[in-house]
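**Q** Work out the full structure: start from the sequences and follow the hints.
Chains as they are written, first to last, in the numbering used here: chain A, -1 to 288; chain B, 99 to 356.
Each hint should be verified, as a subset may be incorrect.
Straight-line distance between alpha carbons at most 27 Å, and here's what the computed DSSO-like set of lysine-lysine pairs gives [what the hints assert, rightly or not]:
id	chain 1	residue 1	chain 2	residue 2
1	B	Lys125	A	Lys97
2	B	Lys186	B	Lys278
3	A	Lys282	A	Lys202
4	A	Lys9	B	Lys186
5	A	Lys172	A	Lys277
6	A	Lys9	B	Lys271
7	A	Lys195	A	Lys179
8	B	Lys162	B	Lys218
9	B	Lys278	A	Lys97
10	A	Lys189	A	Lys172
11	B	Lys271	B	Lys186
12	A	Lys202	A	Lys284
13	A	Lys172	B	Lys278
14	A	Lys179	A	Lys202
15	A	Lys9	B	Lys188
16	A	Lys179	A	Lys97
Don't read these hints as lab results, they were simulated from the structure. A quick note: this is a predicted structure, and the numbers were derived from the prediction, not measured.
So you can see what is in the structure, the chains are spelled out below.
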Amino acid sequence: MNQSNKNLQHKYSPYLFTMPFIVVVLLFNIYPFAISLFTSFHQWQFGGLFDPSTMPYVGWENYSLVFSDPILIRSILSITVFIIIAATCIHVLALFIAKSIMLSYPLIQTVFIVLILIPFMIETDTISRMFVSPYIEGEWIVEINKYLVYAIVILSMVFHYVGFFTLLYFMGLKNINNEVKEAALMEGASKFDVFFKIELPLIKGLVYSMIILSIIFLFQESSSQEFFRSRLFKGGTTNEFLFTFYSLLESNKETVQAAITWVFFVIIISFVTIPIIIKMIMNKFKRINK
Amino acid sequence: MNYSNQEMVVRVYFSVFIIVIGYLFLKPLLPVFEMFKSFDNWNVFITQIKYYPELFTNIFISLKISMLGTLFSCIFCTLVAYGLVIYKFKFRSIIILLVFFILLIPSSVKIIPFIISLNKIGLTESDWGLWVPNVVPALGVLIVYYYLTSIVNFEIIDAARVEGANEWLIFYKIILPVLKPAIAFIAMIQFSIIWNAYELSVVTIGVEELRPAAHQFRTVALRVPPVAMIVFTIIPLFFLMLCSYYIGQFIKSGIKHS
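**A** Dropping the structure here:
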C-alpha cells in the first residue's frame, strides 16, 4: 500500500467506524425527536398517517393545556420523590456492597457479582410482580396500601439496578493505586478513613456520572412501570399517590401527548443538570475560599 | 497470597457479609425456582398454556430478536467506540456529546414518532423492526468507550501502523481480543434490554404471530400463575451464565475514574 492510500485510509476510517451509530441515531432518534417537537406545536390525531400539511399550527396551546392539568404537579412530585429515594438507595447500597466485595476473598468476588447481576437480567415489572404476589387475587391486586405499592416499586428498582452499579463502582475502586492506600494505613488511618477520605474522592467522577445514568434509567422506568397504571388494581381506580407520566397521558387527548412528553423531557434534562450546577457552584465556592 | 491475622479477620467478615447479601438477592427469586419441584404447578402450567397457544411462538420471536440484536450491537458498539477512542477527528466531540444526548431521551418521548419513522422505512409488521433500532445502543458505546480508554496502548497501535498494518487489521487483531470482557458485558445488557423491551413490542402489535414474549407477558402473566415467570426469568439467566466467565475478566480489569 503506498503512502497516499494510507493517508486516505487514516482520514476516512474514523467516519467509517462511527457511521453505524450516526445512521441509527439519525433514523431512530433524531428524526422521531424532530417529529415529536413538530407535533407538539400542531394539532394532530394519532391513528392517521403523518402528513404535516394537514396539521394546523396551534402555537403553545398544547403546552398551556398540559400546564392547566392539575395532575401535572402531582405526577412531577411523584416522579421526583420516586427518583430521589430510589437513586439514593441504589448508590449508597452499591458503594457499600462494592467496598465489601473489595474487602472479601478474591475467590468469591466474581461469583458474588454474577449473583447480584441476576436481578438486572429480569425486568423491573416482573420483579415488582414477584414482590406483590401475596396480594394477587385472581386477575387483580387487592387489599394493598398505596404506600406499600410505592415502596414495592422502589424496592424493585433498587433490586434491579444495584448489581449493575455495584459492578461499575467495584471496577472503579479496583483501579485505585494500592500504594496510596497502604501509605495512609501506615500513617495510622483506619479502613473507614481510607474509604471516605481517599477512595471516595478519587472515584467521585465515576460516582457523578453513575448518578446521572441512574436518574435517566429511573425516569425511563417510571414511564414504563405497569404499577403506575390503574389496570392492575381492583376496580381500575388509579391510586392517587401513584400519579405519573402515564396517568397524565391517559387523562389527556392524543393531540396533547407530544407536549406532555416534551414537558417531561425538560424535567429530566433539569434533573440531570442539577448535579452539574451544584458541582459548578461548589467549585466556585472553593475558589473563593482559596 | 499471605494475609496478616487482622486482615484475615476482615476478609472473613466481609466474605460472610456478602454471602448474606447474595442470599438476600436470591431470596425473592427462589419461589420461581421452587416451582420446578411441584407437579401441581406444572399441571396448572400445562392446562393454562392451552389457552395461550401463541406463547411459544412469542418466545421464539423474542429469542430470535434478542440474539440478532445482541450480536449486531456487540459488533457495532466495538466499532464505534474504537473509532471514537483511537482517532482524533473533526466531529469526535460532537459524536461523544450525541451519545450522552441519546441516553437522555426517554423512549416514551419518541415512541409514537418512532413508529412513524419505522413505518416510513418499512420495518413495521416484520420482526426486523423489533431489533434493528437496538443495534447501536448509546449505553453500549459508552461502556466500551470507557473500557477502551482505560486499557488502550497507543504505542502498540503506532508500531503496528509502522509495520504496515491497515486500520481494519489493527481493530481485528489488536483491539478486538482485549475487548472480549466488555463485549460480554454489552451482550448481557443488550440481551436483557431486548428480551424485556415492552415498548418496542408495539411495533408488531398488529401481527399476532410476530408479538414478542415481553408483550405477551405484560398482558397475560398476571392471569397465568407465576409459573409463566419461569419462562421469563430462566432464559435471560441462562444467557448471564454463558457470559459469566468474561464478566469475571471484565471485573478484574477496572475502569478509569473520570
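**Q** Against the 27 Å threshold, does the CA-CA distance of Lys271/B and Lys186/B hold or violate the hint?
**A** holds, 21 Å
**Q** Check the hint pairing Lys186/B with Lys278/B against an upper bound of 27 Å on the C-alpha distance.
**A** Answer holds: Lys186/B to Lys278/B is near 24 Å, not above 27 Å.
**Q** For a C-alpha distance cap of 27 Å, please report whether Lys189/A and Lys172/A respect it.
**A** Holds, at about 15 Å.
**Q** Tell me if the straight-line CA distance from Lys125/B to Lys97/A falls inside 27 Å.
**A** holds, 22 Å
**Q** Holds or violated: Lys9/A with Lys188/B, Cα cutoff 27 Å?
**A** holds, 10 Å
**Q** Does Lys202/A sit within 27 Å of Lys282/A, going by the straight-line distance between their CA atoms?
**A** It holds: about 18 Å lies between the C-alpha atoms, which stays within 27 Å.
**Q** Regarding the pair Lys179/A and Lys202/A, is the alpha-carbon distance no greater than 27 Å?
**A** holds, 16 Å
**Q** CA of Lys195/A to CA of Lys179/A, is that 27 Å or under?
**A** holds, 10 Å
**Q** Do the alpha carbons of Lys9/A and Lys271/B lie within 27 Å of each other, as the hint requires?
**A** Holds, at about 21 Å.
**Q** Holds or violated: Lys202/A and Lys284/A, Cα atoms, limit 27 Å.
**A** holds, 16 Å
**Q** Taking 27 Å as the top limit, are the C-alpha atoms of Lys172/A and Lys278/B close enough?
**A** holds, 19 Å
**Q** Quickly compare the C-alpha distance for Lys172/A and Lys277/A to 27 Å and report which way the hint goes.
**A** holds, 25 Å
The structure is consistent with each of the numbered hints, conforming to all of them.
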